[in-house]
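Start from chain G and add chains B, A and U according to the hints.
Protein chains: 4
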Amino acid sequence: MPPVRRAALPCLLLCLWASRTQGAVCNVTGVWMSAMGSILKLAVSPDAELGGNYMTSVETMKGAAGNQRQSRLSGLLNRGAQPTFAFSVVWEGGSSSSWVGQCLVLGDGSQVLKTLWMLRSAAQGPEDDWKSTRIGEDTFFHLPAEE
Amino acid sequence: MPPVRRAALPCLLLCLWASRTQGAVCNVTGVWMSAMGSILKLAVSPDAELGGNYMTSVETMKGAAGNQRQSRLSGLLNRGAQPTFAFSVVWEGGSSSSWVGQCLVLGDGSQVLKTLWMLRSAAQGPEDDWKSTRIGEDTFFHLPAEE
Amino acid sequence: MPPVRRAALPCLLLCLWASRTQGAVCNVTGVWMSAMGSILKLAVSPDAELGGNYMTSVETMKGAAGNQRQSRLSGLLNRGAQPTFAFSVVWEGGSSSSWVGQCLVLGDGSQVLKTLWMLRSAAQGPEDDWKSTRIGEDTFFHLPAEE
Amino acid sequence: MPPVRRAALPCLLLCLWASRTQGAVCNVTGVWMSAMGSILKLAVSPDAELGGNYMTSVETMKGAAGNQRQSRLSGLLNRGAQPTFAFSVVWEGGSSSSWVGQCLVLGDGSQVLKTLWMLRSAAQGPEDDWKSTRIGEDTFFHLPAEE
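These protein sequence lines are chains G, B, A and U, in that order.
To convert, count from 1 in the first sequence and add 388; that's our numbering.
To convert, count from 1 in the second sequence and add 388; that's our numbering.
To convert, count from 1 in the third sequence and add 388; that's our numbering.
To convert, count from 1 in the fourth sequence and add 388; that's our numbering.
Read the hints as simulated data drawn from the structure, not as lab findings.
In this text the structure is predicted, and so the values were computed from the model without any measurement.
One thing to keep in mind: the hints can contain errors.
Which copy is meant is left open, because identical chains are indistinguishable; a pair holds if it fits in one copy or across any two.
20 Å max Cα-Cα, derived EDC-like pairs, lysine to aspartate or glutamate [said to hold, decoys possible]:
no., residue 1, residue 2
1, K450, D435
2, K519, E447
3, K429, D496
4, K450, E515
5, K429, E515
6, K519, E437
Just chain G, with the same shape it has in the complex (with noise of 0.2 Å):
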């Protein structure tokens, strides 16, 4: 067998690892909706930084994610094939958000974000600070990217 011959199996079995690796890295970029209908678009910067934007499809009471509904995000992004991020929202009524969660591939390949959240309300003063915190769970699917 000739030398190149002997070279190939490897090869093949390292572009093989490769090609199912690059399979299933999960990129956080784009724009994800959330099964409450709530849109989340996300950009990472070169230092891995998180920006865009999110839109709300509820809140806690008439007004208190503002006019819009919509804020700016800001965030950081981990390193890995299935990376974790955190980022945080601050909403027109005075309340704030932050996410932690990871971008994973499923069985069929799709990407998802399952995330958890909590939601500060701006209490009055310490005495109110017990009952400020509301937490949940959200999970994000990729839409289609804009053209």
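For chains B, A and U alone, coordinates are given in the frame of chain G:
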């Protein structure tokens, strides 16, 4: 009573009110320490972005927070005398954290940051997603300004 | 029109209303399954105590939930057509869980238990307390009654 | 060396170890108070069920916790020297709470219950589910036994 005196009382009241309001303003900028000994340095940009860094005193496992246990943070500050905020940190080991909270003025005039945090570990895949988020509480106290 | 007939329409309306209200009642008793495949058997005592057992499909580490992965549960049910509830489970490995949630009737008439849970692991001591609580979401769907 | 002496050292060590372990046992039975002033009375049944009652010092809205602000609790205690536990309370206004936590012995020998709680409000329907869960932290300190 001459005009200048007639204006003095409202002005005085306004000054008193302003000084009292001023006293109740909670200012997130500066250096804070949690009960666990973590150090939080917060700076606020002109458009209400939070920057700075977070030096943790604890890790879930040795090395999870990186060699320096220190990371930049990115977040947003809301408006108000006792503003809410949210910020994020990513850790060298692959996990990401976010905090939501509020800067509150206590009865003795001291300021605290009352926060809740979530810590998202990197799951190997969707099947490990369920157990990947921890939650807890942090109260931060102001350290004297650095010279 | 004889008196008996005059009373018939309100009575009919009341019956219709009652049956419609009846339809919107969410009944926690029975067997439920989560998206992860965990099985929850709930029984309600005359004084609104929740009993039954919980068979988990997942563990944080092999053995954490015990050999049978099944544990009795103990909790309380609140009043109302779509009642809130809370229940607890302790695991063989030393950890304890609780759920809070609500039995909700969806638009198609099906019933779900929307819950959030916390899982407390046993810390070695106070210094490990901060990292000992996980949080997540579970939605349970009704399984057909067992014969 | 006579046989009785040969056995003395191991016995002594065992006694020392037992007394030290005994000292580190955290006993949840009794009356506890949180930093907010809520009072928790805990009793443990022979099969490790937690009973007692909870008297809250705070409410989300006037009346939410009922006239007495006091409710029975139901939960489970795990095994161990510093056991984890979980318990539930339902409130007159329709909401339900649960706590998970651990009884921990501090460096000075005092005992605390470190807990996190969730409070589930009754949503009008599935569309309000997302905002129905609050979360927070409670640390309980032992009150002297009642005579």
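Hint check results:
{"no.": "1", "hint": "K450 / D435", "verdict": "neither (37 Å within a copy, 25 Å between copies)"}
{"no.": "2", "hint": "K519 / E447", "verdict": "both (17 Å within a copy, 8 Å between copies)"}
{"no.": "3", "hint": "K429 / D496", "verdict": "neither (23 Å within a copy, 32 Å between copies)"}
{"no.": "4", "hint": "K450 / E515", "verdict": "between (25 Å within a copy, 14 Å between copies)"}
{"no.": "5", "hint": "K429 / E515", "verdict": "neither (36 Å within a copy, 23 Å between copies)"}
{"no.": "6", "hint": "K519 / E437", "verdict": "neither (31 Å within a copy, 26 Å between copies)"}
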